[in-house]
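S.K.: Sequence lines, in order, name chains P and E. Using the working numbering, the letters of the first sequence map in sequence onto residues 9 to 130. Using the working numbering, the letters of the second sequence map in sequence onto residues 9 to 130.
In case anyone wonders, no lab produced these hints; they're calculated from the structure. Some hints could be false.
Pairs involving identical chains hold if they fit within one copy or between any two copies, as the list cannot separate such chains.
What the hints assert, rightly or not - Pairs of lysine-lysine residues, derived as DSBU-like cross-links and limited to a Cα-Cα distance of at most 35 angstroms, are as follows:
| hint | residue 1 | residue 2 |
| --- | --- | --- |
| 1 | K92 | K44 |
| 2 | K92 | K33 |
| 3 | K128 | K87 |
| 4 | K87 | K17 |
| 5 | K113 | K75 |
| 6 | K113 | K125 |
| 7 | K87 | K125 |
| 8 | K44 | K75 |
| 9 | K44 | K31 |
| 10 | K17 | K113 |
| 11 | K128 | K28 |
| 12 | K44 | K33 |
| 13 | K44 | K128 |
| 14 | K75 | K128 |
| 15 | K28 | K75 |
| 16 | K128 | K31 |
| 17 | K75 | K17 |
| 18 | K17 | K44 |
Number of protein chains: 2
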Amino acid sequence: MTPDPITVKPSEDVVFAFEKLMKHKISALPVEDQGKLLGIVTATDLGHNLILDNYRLGTRVEEVMVKDVATISPNETLKDAIEKMSEYGEDEGIINQLVVLEDDKIVGIISDGDIIKVLKEL
Amino acid sequence: MTPDPITVKPSEDVVFAFEKLMKHKISALPVEDQGKLLGIVTATDLGHNLILDNYRLGTRVEEVMVKDVATISPNETLKDAIEKMSEYGEDEGIINQLVVLEDDKIVGIISDGDIIKVLKEL
Chain P
9 MTPDPITVKP
19 SEDVVFAFEK
29 LMKHKISALP
39 VEDQGKLLGI
49 VTATDLGHNL
59 ILDNYRLGTR
69 VEEVMVKDVA
79 TISPNETLKD
89 AIEKMSEYGE
99 DEGIINQLVV
109 LEDDKIVGII
119 SDGDIIKVLK
129 EL
Chain E
9 MTPDPITVKP
19 SEDVVFAFEK
29 LMKHKISALP
39 VEDQGKLLGI
49 VTATDLGHNL
59 ILDNYRLGTR
69 VEEVMVKDVA
79 TISPNETLKD
89 AIEKMSEYGE
99 DEGIINQLVV
109 LEDDKIVGII
119 SDGDIIKVLK
129 EL
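Modelling step: build the complete structure from the supplied sequences, incorporating the hints.
M.R.: This is the structure we're talking about:
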């Protein structure tokens, strides 16, 4: 996993969040306030809706974030992570990242790419 | 894999390519001309450089595409795919998609997410 992931505040503008994702070459931003995980926004969703002009000027992160965040704890297994990514995905898809929570604190984020990297070493 | 992936022409504007990626919620576009694979552009790279204003007005896909495309053939194994994703990645990273070529023709694209989906079923 990536420890101490970059996050965004719920009150930020979606354009700001999208720029942050692009700048740091990351695919998702956990939304947090005072250390509490409130949701997640992804580059795929924000980019899609921005391009199609689905947001109005000033749309905030909290209005569009996914609130049912897929999370995992640091002591769960690789198999758990793979299952959760499939379970939370829509239709035939998977979700591409899980927020790692320890005692309700965001300690990391794990992506499908992180899993492929580990599998390579097995 | 996703069969018959969406592609982009080398002469297209990078902004057009980025919009195409966002519109279709995909992470990479093989660059092809007359059926020949010439390169690949990713949402991560284009988005990063567009946000940081690294392109000039009218920059074309062929100027910025990655020419050394990681490819795989339809009869290779899941293990081969995982190894290639790691092999082609920079530093500690992996690349997130492989173009599937059969007799030099683009027949599909396989992503790290596709692999996670299959692993779930094993």
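S.K.: Hints first: check each against the structure and report whether it holds.
M.R.: Now for the hints, and whether the structure bears them out:
Taking the closest pair of Cα atoms, K92 and K44 come within 35 angstroms of each other only inside a single copy of the chain (21 angstroms); across copies the shortest separation is 38 angstroms, beyond that limit. Proximity of K92 and K33 under a CA criterion of 35 angstroms is satisfied in both settings, with 23 angstroms inside one chain copy and 21 angstroms between copies. When the C-alpha separation of K128 and K87 is checked against a cutoff of 35 angstroms, the pair qualifies both within a copy, at 15 angstroms, and between copies, at 8 angstroms. Taking the closest pair of Cα atoms, K87 and K17 come within 35 angstroms of each other only inside a single copy of the chain (31 angstroms); across copies the shortest separation is 40 angstroms, beyond that limit.
Only within a single protomer do K113 and K75 lie at most 35 angstroms apart by alpha-carbon distance; the minimum there is 16 angstroms, versus 42 angstroms between protomers. Within a single copy, K113 and K125 get their C-alpha atoms as close as 25 angstroms, and across copies as close as 28 angstroms, so both meet the 35 angstroms cut-off. When the C-alpha separation of K87 and K125 is checked against a cutoff of 35 angstroms, the pair qualifies both within a copy, at 14 angstroms, and between copies, at 12 angstroms. For a Cα distance limit of 35 angstroms, the shortest separation of K44 from K75 inside one copy, 12 angstroms, qualifies, whereas the shortest one across copies, 43 angstroms, does not.
For a Cα distance limit of 35 angstroms, the shortest separation of K44 from K31 qualifies both inside one copy, at 24 angstroms, and across copies, at 32 angstroms. Within a single copy, K17 and K113 get their C-alpha atoms as close as 15 angstroms, which meets the 35 angstroms cut-off; across copies the closest is 45 angstroms, which misses it. Taking CA atoms no more than 35 angstroms apart as the test, K128 paired with K28 passes in both settings, with 30 angstroms inside one copy and 31 angstroms between copies. In this assembly of identical chains, the alpha carbons of K44 and K33 lie at most 35 angstroms apart whether taken from the same copy (24 angstroms) or from different copies (29 angstroms).
Taking the shortest alpha-carbon separations for K44 and K128, both the intra-copy value of 34 angstroms and the inter-copy value of 30 angstroms come in at or below 35 angstroms. Within a single copy, K75 and K128 get their C-alpha atoms as close as 32 angstroms, and across copies as close as 24 angstroms, so both meet the 35 angstroms cut-off. Taking the closest pair of Cα atoms, K28 and K75 come within 35 angstroms of each other both inside a single copy (20 angstroms) and across two copies (27 angstroms). In this homomeric assembly, K128 and K31 come within 35 angstroms of each other (Cα to Cα) both inside a single copy, at 28 angstroms, and across copies, at 32 angstroms.
In this homomeric assembly, K75 and K17 come within 35 angstroms of each other (Cα to Cα) only inside a single copy, at 13 angstroms, whereas the closest approach across copies is 38 angstroms. In this homomeric assembly, K17 and K44 come within 35 angstroms of each other (Cα to Cα) only inside a single copy, at 10 angstroms, whereas the closest approach across copies is 45 angstroms.
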